[in-house]
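Visitor: From first to last, the protein sequence lines stand for chains A and B. Once you know that position 3 of the first sequence is 95 in this note's numbering, the rest is easy, because the numbers rise by one and skip nothing. Once you know that position 49 of the second sequence is 370 in this note's numbering, the rest is easy, because the numbers rise by one and skip nothing.
If you're looking for bench data, these hints aren't it; they were derived computationally from the structure. Please note that a few of the clues may not be correct.
Claimed, not checked - Computed cross-link-like contacts, DSBU-like style, restricted to lysine-lysine with a CA-CA straight-line distance of at most 35 angstroms:
| id | chain 1 | residue 1 | chain 2 | residue 2 |
| --- | --- | --- | --- | --- |
| 1 | A | 114 | B | 359 |
| 2 | B | 343 | B | 330 |
| 3 | B | 362 | A | 169 |
| 4 | A | 150 | B | 343 |
| 5 | B | 359 | B | 374 |
| 6 | A | 169 | B | 359 |
| 7 | A | 114 | A | 141 |
| 8 | B | 357 | B | 374 |
| 9 | A | 114 | B | 357 |
| 10 | A | 161 | A | 141 |
As the list claims (entries may be wrong) - Quick look at which bits of chain B chain A covers, simulated, 3 or more residues with Cβ under 8 angstroms:
| id | segment |
| --- | --- |
| 11 | 359 to 366 |
| 12 | 408 to 419 |
| 13 | 422 to 436 |
Idealized CB from N, CA, C, for every residue including glycine.
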Amino acid sequence: AQSVAQPEDQVNVAEGNPLTVKCTYSVSGNPYLFWYVQYPNRGLQFLLKYITGDNLVKGSYGFEAEFNKSQTSFHLKKPSALVSDSALYFCAVRDRGTDKLIFGTGTRLQVFP
Amino acid sequence: DTEVTQTPKHLVMGMTNKKSLKCEQHMGHRAMYWYKQKAKKPPELMFVYSYEKLSINESVPSRFSPECPNSSLLNLHLHALQPEDSALYLCASSPELGVSWYEQYFGPGTRLTVT
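Could you put the whole structure together from the sequences, leaning on the hints where they help?
Guide: This is the structure:
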C-alpha cells in the first residue's frame, strides 16, 4: 500500500531562516508526490508536485521540494521563511491503483518574527 | 478561473435536520471529490464522482448522500447527522480521474457543527 510519513508534528523556525518540512514515502513503482498547505479555517492549496524528471521541484510562494529516490524522501524547503508561511503542511502520494490521494498526518510550521 | 467554491461557509444543524452542502467549479474538471477533515488531521476521502457518476464511496454512512447534477456542481445532502460528524467538509476537483499526476484543487470548505 502507498503511504507517506511526516515525522514532525511541528517545525519552528525564525523568520529569514531556511525551513525544511520532512516527508518520506513508501510506494511500489514510481511515485507521484504532492505538497499542500492549509491556512487556518481554509481549504488546501496546492504547492508543488513531483512526477518525473528533475529532482528539485519548484512551486508556489518560493517553495521547492527535493525528491530523493534512495532515501525515499520528498522534503519541502524554502530558503527564507516568512511569518505568513505559518500553516499546516501536508505531503501526499497518489495511489495509482485507486487514484486516491494518500495524505500524511501533517506538519504545523510556525515561523517566529 | 482556478477556483472551487463552497457554500455555506458555516452550518449549524440539529440531529433531526436536513441540509445540503454545495460545491461548484468552472474549470471543466470531470472529477469531483468530497472530503471530511477533523481538526489538525488530514482530509479523509468520502466520495468521488467522475463524469457525474459516483466512482468511489468510502463506506460512508447513508446519512451522507452525494449528488452530482452536472459537471460543475457537487452537492452533499445531510440528514440525521450525529455530533461526531462535526468537521470541515472539503470539496475538490481535478481534470480527470485515473490520471495520477493531476493535482486536486480544493475549495475553502464548509465548517459543519451538529448539535
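Visitor: Does each hint fit the structure? Answer for all of them.
Guide: Each hint tested on the structure:
The straight-line distance between the Cα atoms of residue 114 (chain A) and residue 359 (chain B) is roughly 22 angstroms, inside the 35 angstroms bound, and the hint therefore holds. For the given pair, residue 343 (chain B) sits about 10 angstroms from residue 330 (chain B) by alpha-carbon distance, which is consistent with the 35 angstroms threshold. In summary, the hint linking residue 362 (chain B) to residue 169 (chain A) is supported, as the alpha carbons are separated by about 22 angstroms, within the 35 angstroms threshold. Simply put, residue 150 (chain A) and residue 343 (chain B) have alpha-carbon atoms about 33 angstroms apart, close enough for the 35 angstroms limit, and the pair holds.
About 27 angstroms separates the Cα atoms of residue 359 (chain B) and residue 374 (chain B), which keeps this hinted pair within 35 angstroms; it holds. Between the alpha carbons of residue 169 (chain A) and residue 359 (chain B) the distance comes to roughly 26 angstroms, so the proposed pair stays at or under 35 angstroms and holds. Pair hint residue 114 (chain A) plus residue 141 (chain A) holds up; C-alpha atoms about 15 angstroms apart against a cutoff of 35 angstroms. Pair hint residue 357 (chain B) plus residue 374 (chain B) holds up; C-alpha atoms about 20 angstroms apart against a cutoff of 35 angstroms.
In summary, the hint linking residue 114 (chain A) to residue 357 (chain B) is supported, as the alpha carbons are separated by about 24 angstroms, within the 35 angstroms threshold. At most 35 angstroms may separate the alpha-carbon atoms for a hinted pair to count; residue 161 (chain A) and residue 141 (chain A) meet this at roughly 15 angstroms. Interface restraint, the segment 359 to 366 of chain B with chain A: holds (5 residues with C-beta to C-beta distance below 8 angstroms; minimum three). Counting residues of the segment 408 to 419 of chain B whose CB lies closer than 8 angstroms to any CB of chain A gives 5, so the stated coverage by that chain holds, three being the minimum.
Against chain A, the segment 422 to 436 of chain B contributes 9 residues with a C-beta closer than 8 angstroms to a partner C-beta. That satisfies the three-residue criterion, and the hint holds.
Of the hints listed earlier, there is not a single one the structure fails to meet.
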